[in-house]
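> Sequence:
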Amino acid sequence: MGKRSFISPLAQIDCPHFHTGDKCFVDDYVTIYAHPKATGQVRFADNVHIYRWSMIEVGSGTNSLSVGRNTYIQSGCILNVFESSIIIGENCMIAPRCAFMPYNHSFADTSRPIREQPLSSKGDIVIEDDVWLGVNVSIMDGVTIGRGSIIGAGSVVTQSIPPYSIAVGAPARVVRQRQPKEQTVKEPMATT
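Counting along the sequence shown from 1, when you hit position 166 you're at 166 in the numbering used here, and nothing is skipped either side.
Hints are not guaranteed to be accurate.
Mimicking EDC-like on lysine to aspartate or glutamate, the simulated pairs with C-alpha atoms at most 16 Å apart in a straight line are [unchecked claim]:
#1 K23 to D46
#2 K122 to E83
#3 K3 to D46
#4 K23 to E90
#5 K37 to D14
#6 K37 to E83
#7 K3 to D22
#8 K37 to E57
No lab work stands behind these hints, which were simulated from the structure alone.
Required output: the full structure, derived from the provided sequences and hints.
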């Protein structure tokens, strides 16, 4: 555990490969669990905060969760690291009840219950730096959300989002691009 980090005594941590940087905060009732055969890591950089009722679950295998510095994960978020990894950049804001699901159940075999069919994945979930996810956003497997993007509340992200985009809906669609703030240059006043 990093310097000046705090893990609530009411948090449930059962993950031998959990590491925090300095000044991290793990709130009451956060669960961080690794399957007994998991070798993947959960790694928080400096100043990562995760709030109550959030859950991180690492499945068997080598897939990992990495969270960049100054990122805040609000209450009730679910991060399932099963068939692929989750990489979250720096300075991200993740609102309550967001879900990160880097896998799906196969369902082609109608003779077997869906829950007994194998998991599949299109790849890692990557959230680049300075991303804001609104309340109840779901991020699916193989998605990259580009730097500086905003995803509106209740969106389901099934495809990658370019940098500096604003996307909303189910499935999420880009509705606008963020533009850099224009800098106005004042011309010097003429003097005679």
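> The structure should be examined with respect to each hint, and the outcome stated for every one.
A quick look at each hint next to the structure:
no.	hint	in the structure
1	K23 to D46	holds (6 Å)
2	K122 to E83	holds (9 Å)
3	K3 to D46	holds (9 Å)
4	K23 to E90	holds (14 Å)
5	K37 to D14	holds (12 Å)
6	K37 to E83	holds (13 Å)
7	K3 to D22	holds (5 Å)
8	K37 to E57	holds (12 Å)
Checked against the numbered hints above, the structure breaks none of them.
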